[in-house]
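Asks: Dock chain B against the given chain A, drawing on the hints supplied.
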Amino acid sequence: MISFNKEFIKVLFMFKCVYTLVFCIIIGISPSFSQHTEEHVAETNAVHEEEKFDIGGMIMHHIADEHGWEFTHGVKLPLPIILYTSDRGLEIFSSSRLDHAQVYNDYKNEHEHIVRVNADGTVNEAVHPMDFSITKNVATLMLGALILILIFTSVSKGYVKNKGKAPKGIQSFLEPLIVYMRDEVVKPSIGKNYGKYFPYLLTLFFFIFINNLLGLLPGGANLTGNIAITLVLALITFLITNLSANKYYWKHILLPNTPKWMWVIMIPVEVVGVLMKPLSLMIRLFANITAGHIIMLSLFGLIFIFKSWAVAPAISIFALFMSAIELLVAFLQAFIFTLLTSMYIGSAIEEHHAEEHH
Amino acid sequence: MILLDNALLNPSPGLIFWQLVVFGSLVFILWKFAWKGILSALKEREGEIEGALRMAEETRAEMAKLKSDNDKLVAEAKKERDFIIKEAKEASDKMIAEAKERAIEQGNKIMEDAREVMNQERVKMMSQIKKDVATLSIEIAEKVIRKELSDKATQQSFVSELVADAKLN
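As you go down the protein sequences, you meet chains A and B in turn.
Residues 1 to 358 (my numbering) are what the first sequence spells out, left to right.
Residues 1001 to 1169 (my numbering) are what the second sequence spells out, left to right.
For reference, chain A alone in the conformation it holds in the complex:
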């Protein structure tokens, strides 16, 4: 188990370096690109379109959320747009109504932000519609949840059907994973009271895993690479950790075992530590998955930058290699998120019998 982890972390570290580099470059240059595209729209587009391939815009477009689900140019699955405004209440309509910069019900899609426009076409700054639309990411979220429910209820049924017999089919495929999570990840991290948290941790693991995999499919959404998703997951981990924490945990933070004058430094450090844990979870998953997508898209973008079919074979080999790495990362990030969550919970509910603990 230890060596397995070390191995993974080594691989992870290697690719994280690559990720971080590419990620920083893309993030760093993208605002200029988006500004660039804004100018495009303002100057009634299509003038500069032939000029230069906008790789930053393409990548941003692919890893960001959108209203409607575009699989390829012209093939766009319309999804419901759900808006709430204080003056008009709830409004629901199809996202196809806003395609191609159309205005519908005084609404317009400005770079995936739905805004109210006045009669003369200018944005009405007074109204801030709250957007609860079923976007591409929400649709993926629901799809992933549905897949998980179908898979695991069928697995659960398998245990009733094959009672007293060896597991069969998908049941035998997923059982080792469940048992592995229990015996190697959750039990050692949390201790004997793991049972309360285990269903949540299993859901967490399989949720991240399946959505990482769905994100790798062509046309798939970058769901686990969206900061809103990782924010909620990290927030739940934060709540579970701190709500189930025992007095030793709080004593360690608020009354550290150091000289009293050190408390001025120690207590803020400990409090920051408490907040950093979920924050690191949030950013780790988001950054890893997004960086993976950015690398893939950058590789494909190279074909358009060179404007040549000749680079395609080399790019394909790289992309294939990256896809294999992404498959590994898909599992790894789900595993790490679950492992760290269990470790945080474990550290919060750990019983300290001896006072001399550091």
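Since the hints were made in silico from the structure, they are not lab data.
Check the hints yourself; a few may be wrong.
Quick list of in silico lysine to aspartate or glutamate cross-link-like pairs, EDC-like style, CA-CA up to 20 Å [to be verified]:
{"id": "1", "chain 1": "A", "residue 1": "Lys76", "chain 2": "A", "residue 2": "Glu110"}
{"id": "2", "chain 1": "B", "residue 1": "Lys1036", "chain 2": "A", "residue 2": "Glu175"}
{"id": "3", "chain 1": "B", "residue 1": "Lys1043", "chain 2": "A", "residue 2": "Glu184"}
{"id": "4", "chain 1": "A", "residue 1": "Lys108", "chain 2": "A", "residue 2": "Glu66"}
{"id": "5", "chain 1": "B", "residue 1": "Lys1036", "chain 2": "A", "residue 2": "Asp183"}
Some chain A residues well away from chain B (every beta-carbon gap over 10 Å; in silico) [claimed, not checked]:
{"id": "6", "residue": "Val103"}
{"id": "7", "residue": "Tyr248"}
{"id": "8", "residue": "Val274"}
{"id": "9", "residue": "Gly301"}
{"id": "10", "residue": "Leu320"}
{"id": "11", "residue": "Phe335"}
Chain B side only, calculated, beta carbon under 8 Å to chain A, not exhaustive [unchecked claim]:
{"id": "12", "residue": "Pro1011"}
{"id": "13", "residue": "Pro1013"}
{"id": "14", "residue": "Gly1014"}
{"id": "15", "residue": "Gln1019"}
{"id": "16", "residue": "Val1022"}
{"id": "17", "residue": "Phe1023"}
{"id": "18", "residue": "Val1027"}
{"id": "19", "residue": "Trp1031"}
{"id": "20", "residue": "Ala1034"}
{"id": "21", "residue": "Gly1037"}
{"id": "22", "residue": "Ala1041"}
{"id": "23", "residue": "Leu1042"}
None of these values were measured; they are calculated from a predicted model.
No residue lacks a Cβ here, since even glycine has one placed at the ideal position from N, Cα and C.
Replies: For chain B alone, coordinates are given in the frame of chain A:
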């Protein structure tokens, strides 16, 4: 600050809302309809396997114990058998020896008795024979005398002889 302006780093409230709803219900639904069944079934199966293993272990120990008991019993039985055989042999030897002794004794006694009876018979016979010899002698003597004394001369000589003898007495 450029990073914070980026759309990627601004969580959209709508997605947060849906994630809370969908993920929350996913946790609940899987908890109720999947993990509960799966985990309890796993636990139950593990318990069964553990129980079966423990039972096998216990059975093996019991078997070993039974076997050693059996061996002990067999050994004991063997010992007892040997003892019984030995005792029986001893008893029979003793009996044979006794019987032999008694037979010898009996034989001796019979012989003694027989000897005594024989002795008595002999004594009786001897006395009978003596008697018979005496009678026979008298008869013979009488006959001889009668014959001797049938003629006068002989009688005479005989009488004289007798007289001569008588004189000697």
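Asks: Does each hint fit the structure? Answer for all of them.
Replies: Status of each hint after checking the structure:
In summary, the hint linking lysine 76 of chain A to glutamate 110 of chain A is supported, as the alpha carbons are separated by about 17 Å, within the 20 Å threshold. In summary, the hint linking lysine 1036 of chain B to glutamate 175 of chain A is supported, as the alpha carbons are separated by about 14 Å, within the 20 Å threshold. For the hint linking lysine 1043 of chain B to glutamate 184 of chain A, the alpha-carbon distance of about 16 Å falls within 20 Å, and the restraint holds. With a C-alpha separation of about 13 Å, the suggested pair lysine 108 of chain A and glutamate 66 of chain A falls inside the 20 Å cut-off, and the hint holds.
Pair hint lysine 1036 of chain B plus aspartate 183 of chain A holds up; C-alpha atoms about 17 Å apart against a cutoff of 20 Å. With a least beta-carbon separation of about 21 Å from chain B, valine 103 of chain A lies farther than 10 Å from that chain, consistent with its non-interface assignment. Non-interface status of tyrosine 248 of chain A relative to chain B is upheld: no Cβ of that chain comes within 10 Å, the nearest being about 27 Å off. Chain B leaves valine 274 of chain A outside its interface by the beta-carbon criterion, the shortest separation being 20 Å against a cut-off of 10 Å.
The Cβ of glycine 301 of chain A sits about 17 Å from the closest Cβ of chain B, beyond the 10 Å cut-off, so the non-interface label holds. Distance check on leucine 320 of chain A: its Cβ is at least 26 Å (rounded) from any Cβ of chain B, clearing the 10 Å threshold; non-interface status holds. The non-interface label for phenylalanine 335 of chain A is consistent with chain B: the shortest C-beta to C-beta separation is roughly 18 Å, beyond 10 Å. With 8 Å as the threshold, the beta carbon of proline 1011 of chain B comes within range of chain A, its nearest partner Cβ sitting at about 4 Å, so the hint holds.
Residue-level restraint check for proline 1013 of chain B holds (minimum Cβ-Cβ distance to chain A is 7 Å; threshold 8 Å). About 4 Å separates the beta-carbon of glycine 1014 of chain B from the nearest beta-carbon of chain A, less than 8 Å, and the hint is met. The criterion of a C-beta within 8 Å of any C-beta in chain A is met by glutamine 1019 of chain B, whose closest approach is roughly 4 Å, and the hint holds. The beta carbon of valine 1022 of chain B comes within 5 Å of a beta carbon in chain A, closer than 8 Å, and the hint placing it at the interface holds.
Interface hint status for phenylalanine 1023 of chain B: upheld, as the beta-carbon distance to the closest one in chain A is roughly 6 Å, under 8 Å. For the restraint placing valine 1027 of chain B at the interface with chain A, the shortest Cβ-Cβ distance is roughly 5 Å, inside the 8 Å limit, so the hint holds. Hint status for tryptophan 1031 of chain B: holds, given a least beta-carbon distance of 4 Å to chain A, under 8 Å. A least Cβ separation of about 4 Å between alanine 1034 of chain B and chain A falls short of the 8 Å threshold, and the interface hint therefore holds.
Hint status for glycine 1037 of chain B relative to chain A: holds, with the closest Cβ pair at about 4 Å, below 8 Å. The interface hint given for alanine 1041 of chain B is met, as the beta carbon of that residue sits about 4 Å from the closest beta carbon of chain A, less than 8 Å. Interface restraint check for leucine 1042 of chain B: the shortest CB-CB distance to chain A comes to about 7 Å, inside 8 Å, so the restraint holds.
Checked against the numbered hints given earlier, the structure satisfies every one of them.
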